[in-house]
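Q: Chain by chain, the residues:
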Amino acid sequence: MSDKKHHNPEEHFREQHLMLDPMPRGQMNDMVMESMHTTSWKFWVVAAILAVISFIGLGVDWYRLIMEGQGLAGVMRPDYWGIFLVNTVFWIGISHAGTFISAILRVFKAEFRRPFTRAAELMTTFGLVQAGFSIFMHMGRVWLSYWLMPYPNQRQLWPNFHSPLSWDLLAITTYLLSSTMYLFLPLIPDMAMARDRSTGWRKTFYKVLALGFRGTEGEWAHLRTAMNIFAFAIIPVMFSVHTIVSWDFAMATRPGWSSTIFGPYFVIGALHSGMGAVVMVLAVVRGTMKHMKYFIRPEHFEGIARLMLIISMAWAYFFFNDYIVQWYGGDKWTKTLLHWHEAGPMGWMWFAMLIFNIAIPWSILWNKKWRSTPWLLFIVGLLINVGMWFERYIIVPISVTINRMPFTWRLYQPGIEVPMGIGTVAFFILLYMLASRLVPLIPVWEVQEGQMAHSLTKFGRETVMTVSELE
Amino acid sequence: MTQKISRRDFLKLAGVGAATTAVLTGCGPAAKFVTRQPYLKMPEYTYNGESTYYATTCRECAAACGLVVRTMQGRAIKVEGNKANPVNLGKTCARGQTTLQGLYNPDRVTAPTKQGRAKDLSGSAMNWDDAVATVSDILKKYKASEIAFLMGTAPDHLFDLATDLTGAMGASAPVRYGALSMFEGRATLAQAAQEMFGQPALPFFDLASADVVVSFGANFLETWVSPVAYTRGYSKLRKGHDRRRGLFFQFEARMSQTGSVADEWIALRPGTEGLVALALGKLVAEARGGSMPKAFASVNVNEAAEKAGVELEALHVIAEEFAKANAPLAIVGGPALAHSNGVETTKAVYALNAAFSSSFFLSPLAPGEDVYHRPASAQEMSEFVKKLESGAVKALFIHGVNPAFELPKSLGFEAALKNVETVISFATFPDETALLSDYIFPDHHALESFGYQRAYTGANASVLSGLQPAVTPFVDTKATADVLLAAAAQAGFPFPYADEFAFIQGKLQQFVPIAGGSFAAPEINAFTAFFQQFGGWWKQADLVAPTASNGAVNAPEAEFEEGEFFLIPFVSPTLGEAGANKPWLQETADPTTTVMWNTWVEINPETAHELGVENDDVVKIVSAAGEVEASVYLYPAIRPDVIAIPFGQGHTAYGQFAAGRGVNPADLFGAKFNAAGDLAYAGVKVRVEKTGKKQYLSRLESKIGVYGEGLGEEH
Amino acid sequence: MTTIDLNMVGAKGALVEAAEGKWGMVIDQDLCTGCQACVTACAMENNIAFVGEEDAGYGRSMHWIRIERFWEGHYPHVKMTHYQPMLCQQCGKAPCEPVCPAFATVHSQSEQVNVQVYNRCVGTRYCGNNCPYQVRSFNWFDYNDERINKAIATLKHQFNPDVTVRRRGIMEKCSFCIQRIHKAQDKAKSEGREVADGEFTTACAQACPADAIVFGRVDNPESLVSQLMAEGHGVQHLSELGTLPRVTYLVGGQ
Amino acid sequence: MTIEKSLLAVFSDLEPAADAIEQLRHLGVHDDCMNVISGVPVTEAMLGRPNQWTNVPRLAMGGAILGFIAGLFLAFSSPTSYEIQVGGQGFAPVPVAIVVVFELTMLGMLLSTFLGVFLDSYFPNYRPMHYVPEVSDGKIAVLIECPQADEQKITDALKKLGAESVQMAEAQHL
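Residue numbers (the working numbering), protein chains in the order written: chain C, 407 to 877; chain X, 243 to 957; chain P, 13 to 266; chain R, 25 to 198.
Please note: incorrect hints may appear among the correct ones.
Claimed, not checked - Simulated pairs of lysine-lysine, DSS-like, Cα-Cα distance not exceeding 27 Å:
1) C:K741 - X:K720
2) C:K738 - X:K945
3) X:K566 - P:K91
4) P:K201 - P:K34
5) X:K720 - P:K168
6) C:K738 - C:K515
7) X:K325 - P:K199
8) P:K168 - X:K945
If you're looking for bench data, these hints aren't it; they were derived computationally from the structure.
Could you put the whole structure together from the sequences, leaning on the hints where they help?
A: Pasting the structure below:
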C-alpha cells in the first residue's frame, strides 16, 4: 500500500506519522511558541470584525432583549421555545467533541489524539460558554436566574429538582467546571514551558497560570493521577449532560418528544456535530498557524474522519430508531408531527438534515484519500454542523408547532435570535482566536511522550509501527 | 328636607352593596341634590380592599341590560350583569364587559372643545360656562325650525329632554338613529307587525318557551335587538323542557355566529327567506292536518326550494320537526329584512308564528309609552340628510350617534353637514362626526351619568332601566342634559327643571303611584333611591300572542343591483356598532372566523379558487356605490355566490384603537329602501377584484390546525 | 426503625391528595354560543393585557380563555363543531408543574388548583411548552407598562386591585379567579359558615349569558357542578394523559 | 549540624539519569534527598525511583462522598423545608434524586481531584525554587541535597556518568 516514491519505509513512516517523526523537544517548544507569536494583520482584521459582531449580538441585541422582552424573538404560543434553545443544544453538542477526544481517546489510548486534545478541549469550554449565553438569552427574566441555583435562603425555598431544567443546570455546571479543569490540568506543564521562554506580560501571564510547576516527580505523579481520574469520570458527566438536555424534551408530554431513545440519540448527535466542529477547527488551525503542518497531519484528519463516519452511522441508527417507533405507534398527533416534519413548510430542512448528516458523510468519508483531505473534511464538518443545527431546529421550534390543541398550531418565525445566534458563533471563534495566541494549542509534552513511546519494529520483511506502554 | 347630603352618601345609599339587602325603609334620603366633595375627605367605603357596587345600565347598545359596577376607591373595576334587570338577569355580553375601556379610554374628549371642523381633535379647550353660553346663543340665534337634534338609538332621558325642549321651542322632534337599528331592520319588523297584527311593535320571540326554532337570517345571538336576552332564551331552549333538548335551524346565505350553533344550517339564496318560510308553513300545515292557512295556500314548495337553492329534503325534515313540536317558533332578522321584500319576508315568518307558534309575542311597551317609538329608518335618515343639505337646518345637535360612520356614505351625510351652519357634538369620544362639528361638548360616559333608558324587547316585562354614576367624571365632561337645561334657561325657554337629576325625577314621578312594579315607594325621592339601587323600575307584562288577520302573504322576489356576488354585510358580533375604540374588543376574536383587529372579506374557498385569491390576499370589493379593500378569509360556510364583510371597523377617527383600521362595508351600500323604509343593503351586489397585495389577518385560530394549511390537507 | 414515607419518595406514584378535587368547572358546549363574553369578562377581571394586531395574529394574545371551533365537512354540508372554551384545566396532576425549575407554578394544596406564582417566575416557558392544553400565555413584552403601552396610562384605572399586574418575561394563566375564591372564603369564614354553592363564581361563568359555564365545588355532591358532572355525558379533555382536569365539558346534543 | 548543599545535575537522556541516580544511591545519597525534574512525565520505574505518594485518589474519593451527601441533601432534604406539591409527584421522588445525586457526586469528585493536585503539589507556588529552564526542553534534571563535604565527590561522579552540567542549585524566581 505504501507510496512508490518512498523506497525507504522509515522515511515514509516519518512523513506519515507525527509520532515517528520526532524532533528535539526544544525545537518543538520553539515551534509552538512561534505559532502563538506569529500574528498577521489579517488575524486582527478578522478578530475586529468578530468582536463587532459579538458586541452587536451579545451586547446590543441582548440588552434590547432584556429591556424589551422575549417578544423580540420569534417565540409565541405554541412555540414557547425557539432558536435560543436550539443554540443551547447545538453548543452543548459542540462541546462534547473536546471531552470525547481527550477523555475517551485517552482512556482507550488512541495515540493519534495527542497533538489536538487541547484544540478540542478549548472547544468544549468555549462552546459551553456559548451554550450558557444561549440558555440565559432564552429566559424571560434572566436577572432572576440565580433563583435556579440551590443556595440557602430565608424562605427555605430551594429549586425544584423535579424539573429537567434543574438537572440541566446541575449537569451543565458540573460539565463546565470539570471540562475547564480538565482543560487546565494538562495545560500546566505547557504553561511552565511557555513561562520559561517568555518575557514581559506574557511571562507574568504564563507564570501565574503555571502555578509554579517545575516538573518534579511528585508534581507529575499528582497530575497524572488526576488526569486519569478525570479521563474516566468526565465521560459519564459528558453523557449525562446531553442526556439531560434530551430529557428537557423527552420528559415533556408532547407528541414526538416523549421518546426513550432521546438520551443516546442526543449524545450521538452531540458527538456528530462536535467531531465536525473539531475537524473544522483543525483544518483552520493547520492552514493558518505557523508550524502546525508538522503537528497536525492528514493522519489526524483521517483518524477523526473515521470516527465521524462511525458516529454518522450511529446517528442514522438512532434517528431511524426514534423515527420508526414514533411512526409505528400511530398516535395521531405524532403522525401529524412526522408529516409536518417531512411535508410541512419546513420539510426542506428535514431532508437537508438527512443529506448533511448521513448522505454526505457516508459518501465522502469511506474513501481514505478523501477523508485525509483537510479542506474536504472542513466542508463535510461544516455541513454536518449545519445538518445537526437543523436537527435541533426541527426538534425544537418545528416540533412544538404540533401539539394536542390544533387550534393553536403556528409556524415559528425567528426574530432577534438570528443575530444573537450569530453573535455566539462570532464570540466562539473570537475566543478561540485569542486563545490560540495565548495558550499553546499543541500539548508539547504529550507529543513528546508519544514520540518516546513510538518506534518502528521489523516483523519479518515488514516494518511496522509499535507503541510501548509507558504509563 | 333641604339638608344636602353628599353625592357619595347618596351613592352609598343607592349602591347595591353586598350588605345593602336591607334597603331603605320608607322615608328615603332627605334631599334630592348631590354635592361633590374632594376625595381628601375619605368616606369609609373607599378604604383599601372594600368595593362598592352601583347598579346602572349598559349603554354599549340599545338593549338596556342592567349592570352592576364594582368600584374601589373611586375607580370602576369591573362590570357585571344586574341580576334584577329582567332584560339580562345578571348576564352580560362581550361589549358590555369592556364598557370600562370606554370609560378609561385614553382618547376621550377631555374638555369642551372648539373643534371648528378640524381634521383631528383640535386642542382649543373651552370652559363649560362658555360652552353653555354657546349652546344658549344658538338656541337664541336660530329660529326653532332651524334647529335639529340627532340622537342615538336608545330611548333615554336625554331623548325625552330633547323632545320636551324641542316641543317647548316649537322645533321638530329629535331624530334617533344608530347603525345597529339599520342592520336590525327595526322599521321593517314594526311595519310588518303593524300590517299583520295592527300594532307597530317589536316582536318578542320567546325562545325559552319554544322547543323547535327556525330562524331566517336572524343573528339574535350576536347583536340583534337584545342579544343577551336572546342568548338566555337560547340557553333555555337547549336545556329544553322535560330534558328534551330544543332544536334550532337556521336559514341564511352565510353562516353567522348564530347559524354556527344551529342543528342544521341551511344555505339559501339571499332574498328568498320569505318564500322558504311560506313553503315551510305549507309543509307544516300539511303535516299537522287541518285547514291550510291562507298565507301558505298559494306557495309551490318545490319551486320555492329550487328558487332558494335549498334541498327539498332538508325543508321536509325541518317541517316535520316544526310540525311535531309543542312550541315551534320562527324568527326573522338580519339581512333577511334588508331586502326590497323585507316587509313581506317578515310577514311570512310572522304568519308562520301566527299559525303555529305559542312563543311569539309583541314586545311589551316600555313604561310610560303607549306606542313603540322606533328609531328613524334609513329612509327617514335619508330625508333628514336631505333637509340638512338643503340648508334648512342651521344648528344641529348630535348626541350618542356617529352618523358620519354609521350612515352609509351614499346618503351623503358628510356633504350635507357642510350646509349646516353650526354643528354641536356631545360625543364623549372624538368620533368622525365629532371631528366634523364646530363644537364638542363631551357628555359623561354612561358609567358617570344619571339617567334612565327604556328597554324595548327581550323581557316579558316593561322595563325602565336606570343609570347612575359609578364614578366621578374622569375627565372634564358635563352631562348633556345639564348643558341643555342651563342653555335653555339662559336662552329664556320656560323649563321647569333645574338640572338633569331634577328632570329625571320629574319623569319618574309618573311611576310612583303605579302599583305592581318591581318596587314601591311613597314619594319620588325614595322612589329615585330605589330606582338607582335596583338599577331601574319594571313591571311584569302579560305577554299575549297577537292575533293575525288571516290574509294572504306574498313572497315577491327581492331586487338586486347588477353585480357578480351577493354582499352580506353583518355587524361584527364582538365590536357591534361602536366597540372599535376598545382595545380588548379589538383583540377579542370574532366567534366564527377568530379574526382580531381588522376587517376581512369572507369568500367561499371554491369561489376564491376560481377567482385566484387566497387567504390574506387583499381584494377590492366594488359595488355601484363604492369600493373597499380588505383581506380575504376563506370561509367554508358561505354560499359560493355570496361574500360577506363585517361592519364595525373602518373608522377614520374614534381613537387610536379604531382609526385607520379595516374598512366599512356600509361604503358599498346604495340608497335603496324597502317598503318600511329600512335600507335594502342586502340587495347590493358587488364584484371582486384582485389587488395583488397581501395583508395577513390576525387570527386566534391556527390555519395549520384548523384548515390543514401546510399539512397538504387544504380545502 | 425509621419508616420511609412513600409519599415523600414518590413510590406511590402520586400524593393521595392529588386525586381529589375541590373547585371545578363544567362547560356545556351545547349551550355555548361562542359570544366571547367570558373572554372579555376574564380580561377585565384579571387585568389581562392586550397585545395589538401583529402580536395577536402571531399567537401572542394573552387570553386566559379562548373559544375554539373547527369545521366539519364541506359546503353546503358544512358544520361548525361546538364552540369549545379552552382555559386552564387546573389539572390535579398538572404536567406544567414539575418542569418549572423555580417552583413558579405549583399545586395549591388548600384550593386544589394549579397556581402560577408570578413573582417567582423566571420565564423558562417550560410550563407553557408542557401544557397539553396550551392555555398558558407569556408576557412577551411589558404590555401593561404605561411607558411602553401609552394607553395603559388611563386604562390602568380599571385594573382590579385584587389581581397582580404582570410584567414582561413571566407566564400567566387562568387562576379560576382565585381572588374571588379567597374573598368568598374570607367572607364565609368571618360569618362562621361554609361558602355556599353559587355564592360566588368566576368572571367567565358570571358573564356567560347562556349559562354554559358553571363553577363550584366538585367535592360537594350537592353542588351544581357535581350534579352536572354526574349526568354522565361529560368529558375531560386529554384525560388519557392522566392530568386529572378539573374542567368537564358537556357535549350534549346531536 | 552539617551544612546542606543543593546540587542540580542536568542530563540529556533517560539512561544516564537513571545510572546517575543508582550511582548516587551508592554514594550514600538517600532517595529522599533526590528529586527528578523533567519536562515529560518520566515514571519512577524508568529511573528506578521509589513510587511517589499521592493523595489525589483519596481526595477524589472524599470529594465524591461530600458531593454525594450534598446531593442527598438537595434531593431529599431541601424539598422538605418548604413542601410544594407539583404534578402529583412525591416531594422527593427517587428517580429525580438519582440524577441530582449523580451530578453532585461527580462534581464533588472532580472538583476535589483538581484541588487535590493543588494541595499535593503546593500549587500555586510563586516562591523561588531550584529549577533549570532546560527541563522544559526535554532535559532531565536531578536535584540532590547532600552535605557540603560530599559535594565534590558527587559532582565528579555525576559528570563521569554523563551529566551535561552539575551546578550549585540556587533558588530563583521561575
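Q: So which hints don't hold here, by number, going up?
A: 1, 6, 8
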